[in-house]
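At position 344 of the sequence shown the residue is numbered 344 (the numbering used here), and the sequence of numbers has no breaks.
In case anyone wonders, no lab produced these hints; they're calculated from the structure.
Warning: the hint list may mix true and false statements.
[What the hints assert, rightly or not] Calculated lysine to aspartate or glutamate pairs in the EDC-like style (CA-CA distance at most 20 Å, straight line):
#, residue 1, residue 2
1, 316, 350
2, 57, 149
3, 210, 190
4, 226, 68
5, 9, 23
6, 226, 190
7, 426, 374
8, 210, 149
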Amino acid sequence: MDHHVSTIKPRRIQNQNVIHRLERRRISSGKAGTHWHQVRVFHQNVFPNFTVVNVEKPPCFLRKFSPDGRYFIAFSSDQTSLEIYEYQGCQAAEDLLQGYEGEILSNGNDQRSVSIRGRLFERFFVLLHITNVAANGEHLNRECSLFTDDCRCVIVGSAAYLPDEPHPPFYEVYRNSESVTPNPRSPLEDYSLHIIDLHTGRLCDTRTFKCDKVVLSHNQGLYLYKNILAILSVQQQTIHVFQVTPEGTFIDVRTIGRFCYEDDLLTVSAVFPEVQRDSQTGMASPFRDPFINSLKHRLLVYLWRRAEQDGSAMAKRRFFQYFDQLRQLRMWKMQLLDENHLFIKYTSEDVVTLRVTDPSQASFFVVYNMVTTEVIAVFENTSDELLELFENFCDLFRNATLHSEVQFPCSASSNNFARQIQRRFKDTIVNAKYGGHTEAVRRLLGQLPISAQSYSGSPYLDLSLFSYDDKWVSVMERPKTCGDHPIRAATKCFLELREKDNHWQTKFYWHTEFRGKGPPVKQPTRQVKEGETVTGLGINGRSCNATRGLV
Numbered sequence: 001m002d003h004h005v006s007t008i009k010p011r012r013i014q015n016q017n018v019i020h021r022l023e024r025r026r027i028s029s030g031k032a033g034t035h036w037h038q039v040r041v042f043h044q045n046v047f048p049n050f051t052v053v054n055v056e057k058p059p060c061f062l063r064k065f066s067p068d069g070r071y072f073i074a075f076s077s078d079q080t081s082l083e084i085y086e087y088q089g090c091q092a093a094e095d096l097l098q099g100y101e102g103e104i105l106s107n108g109n110d111q112r113s114v115s116i117r118g119r120l121f122e123r124f125f126v127l128l129h130i131t132n133v134a135a136n137g138e139h140l141n142r143e144c145s146l147f148t149d150d151c152r153c154v155i156v157g158s159a160a161y162l163p164d165e166p167h168p169p170f171y172e173v174y175r176n177s178e179s180v181t182p183n184p185r186s187p188l189e190d191y192s193l194h195i196i197d198l199h200t201g202r203l204c205d206t207r208t209f210k211c212d213k214v215v216l217s218h219n220q221g222l223y224l225y226k227n228i229l230a231i232l233s234v235q236q237q238t239i240h241v242f243q244v245t246p247e248g249t250f251i252d253v254r255t256i257g258r259f260c261y262e263d264d265l266l267t268v269s270a271v272f273p274e275v276q277r278d279s280q281t282g283m284a285s286p287f288r289d290p291f292i293n294s295l296k297h298r299l300l301v302y303l304w305r306r307a308e309q310d311g312s313a314m315a316k317r318r319f320f321q322y323f324d325q326l327r328q329l330r331m332w333k334m335q336l337l338d339e340n341h342l343f344i345k346y347t348s349e350d351v352v353t354l355r356v357t358d359p360s361q362a363s364f365f366v367v368y369n370m371v372t373t374e375v376i377a378v379f380e381n382t383s384d385e386l387l388e389l390f391e392n393f394c395d396l397f398r399n400a401t402l403h404s405e406v407q408f409p410c411s412a413s414s415n416n417f418a419r420q421i422q423r424r425f426k427d428t429i430v431n432a433k434y435g436g437h438t439e440a441v442r443r444l445l446g447q448l449p450i451s452a453q454s455y456s457g458s459p460y461l462d463l464s465l466f467s468y469d470d471k472w473v474s475v476m477e478r479p480k481t482c483g484d485h486p487i488r489a490a491t492k493c494f495l496e497l498r499e500k501d502n503h504w505q506t507k508f509y510w511h512t513e514f515r516g517k518g519p520p521v522k523q524p525t526r527q528v529k530e531g532e533t534v535t536g537l538g539i540n541g542r543s544c545n546a547t548r549g550l551v
């Protein structure tokens with residue numbers, strides 16, 4: 001037996017040459033079901049390799065691409081209109097950039113550089129429609145937009161502050177016994193949701209929510225799953241569910257909160273005749289209802305039955321001990337898990353109304369079936385069971401690419417590199433001074449529920465294809481701080497092959513560093529990067545006091 005022969009075979013790194021890959025694709029069909037993954041690997045050969053800094057743009061707020069990459073939306077400078085642009089493809093500026101070498105066109109003052117920066121945006125994007133959306137003093141929220149699965153329509157939200165005088169009537173503010181008390185940190189507003197046809201620019205439908213509190217920023221208060229739209233009214237503790245038709249209209253499906261079924265009022269009237277009488281006379285005051293709201297009642301019933309199933313007297317005693325605290329829980333966030341199930345986060349009223357910002361406050365996660373009106377499960381925010389579900393089925397919470405024919409997730413449940421990042425984050429909390437396992441679970445579950453369409457499916461952010469510093473750029477749509485150096489993206493295979501030689505195969509850079517006059521400023525960068533994934537166009541919008549520009 002030869003002891004000098006290694007029993008571990010070194011991993012074979014496939015040839016990354018584009019000609020080799022094209023020829024291999026021509027003569028080999030590959031394994032069944034892997035076609036889309038084989039095509040996705042070609043993004044390692046076709047990638048963004050040129051950056052133009054300080055591109056002039058129209059006076060608007062850039063938002064994002066449509067999921068199919070055909071359209072780009074922006075909000076007008078007065079935040080009352082939606083601007084719809086058609087993307088022309090990366091070849092649209094070929095003649096402008098012809099002859100330039102290197103990887104970046106910086107702040108040159110020569111005539112050609114100035115001309116390129118002034119004409120580049122209009123080459124890539126052609127303005128199709130300007131749709132006047134917000135009216136009656138409302139302003140569009142720049143961080144709120146949801147695209148339908150067919151990429152035909154987009155849903156945006158607008159809001160207007162309520163004047164101090166005249167003050168809204170008491171029973172407009174408190175419409176049921178679960179309504180929360182507003183305060184200056186969480187003021188009431190008038191909200192409207194609008195759906196616009198991207199092809200025609202037509203405003204198809206609008207729904208209004210008067211004297212309410214709906215968190216529009218980052219789509220936290222609304223969730224679109226396929227054609228089901230759910231909207232959480234924090235003030236009224238009510239979830240409104242609509243169906244979005246292909247024509248772009250909202251159809252009322254159900255309202256969950258005070259009642260779970262539409263005919264629950266008839267059942268209540270049989271026990272409390274005054275409820276029916278007040279409703280008929282227009283003098284109804286649900287704020288003074290003598291009964292517990294239907295959704296909260298189902299939550300309490302589930303917890304009581306779980307205490308009974310435990311079989312111990314201690315479980316029942318604990319239920320009675322915390323009964324008042326459970327009754328005072330309020331809905332804070334929610335998301336749709338599918339067309340029938342809601343994932344709701346309950347916490348104290350002080351947290352919901354932003355009086356308290358302590359992340360260590362106790363909270364509960366509830367899985368609710370809208371069709372059967374049953375509570376399926378309840379978890380605390382320190383539940384190891386829920387954390388295990390989240391880590392193993394993270395993509396079912398994110399729902400990043402429901403519109404896509406094939407899902408390309410990049411989460412801890414489906415990507416080894418993303419799993420390593422999450423483990424390092426978890427270990428950091430466990431080993432921190434005031435950390436520990438419980439604190440790590442609480443911090444990780446603090447991500448739930450996840451806002452709709454807040455994760456990118458771009459292959460250039462796929463950790464199985466490229467390696468980059470997730471401190472400066474990530475798959476989650478949130479503003480990031482500008483670094484002092486460009487963000488480097490390297491090919492994964494070359495990284496594994498040559499990491500022992502400290503040599504990375506750099507493919508491209510994200511240039512987001514400060515390049516203006518004066519001292520550099522650490523400033524947030526809005527990354528509009530997830531739309532066009534075929535030709536590899538990315539936009540970084542950066543704002544700093546009076547200076548605005550594109551990278």
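The hints, checked one at a time:
Straight-line distance between C-alpha atoms of residue 316 and residue 350 comes to about 27 Å, which puts the hinted pair past the 20 Å bound. This hinted pair does not check out: residue 57 and residue 149 have alpha carbons roughly 29 Å apart, beyond 20 Å. The straight-line distance between the Cα atoms of residue 210 and residue 190 is roughly 5 Å, inside the 20 Å bound, and the hint therefore holds. Straight-line distance between C-alpha atoms of residue 226 and residue 68 comes to about 15 Å, which keeps the hinted pair within the 20 Å bound.
Between residue 9 and residue 23 the alpha-carbon distance is near 27 Å, which puts this suggested pair outside the 20 Å criterion. For the suggested pair residue 226 and residue 190, the alpha carbons sit about 26 Å apart, so the restraint of at most 20 Å is broken. A distance of roughly 33 Å separates the Cα atoms of residue 426 and residue 374; the hinted pair therefore is violated under the 20 Å criterion. For the given pair, residue 210 sits about 28 Å from residue 149 by alpha-carbon distance, which is inconsistent with the 20 Å threshold.
Checked against the numbered hints listed earlier, the structure breaks hints 1, 2, 5, 6, 7 and 8; every other hint is satisfied.
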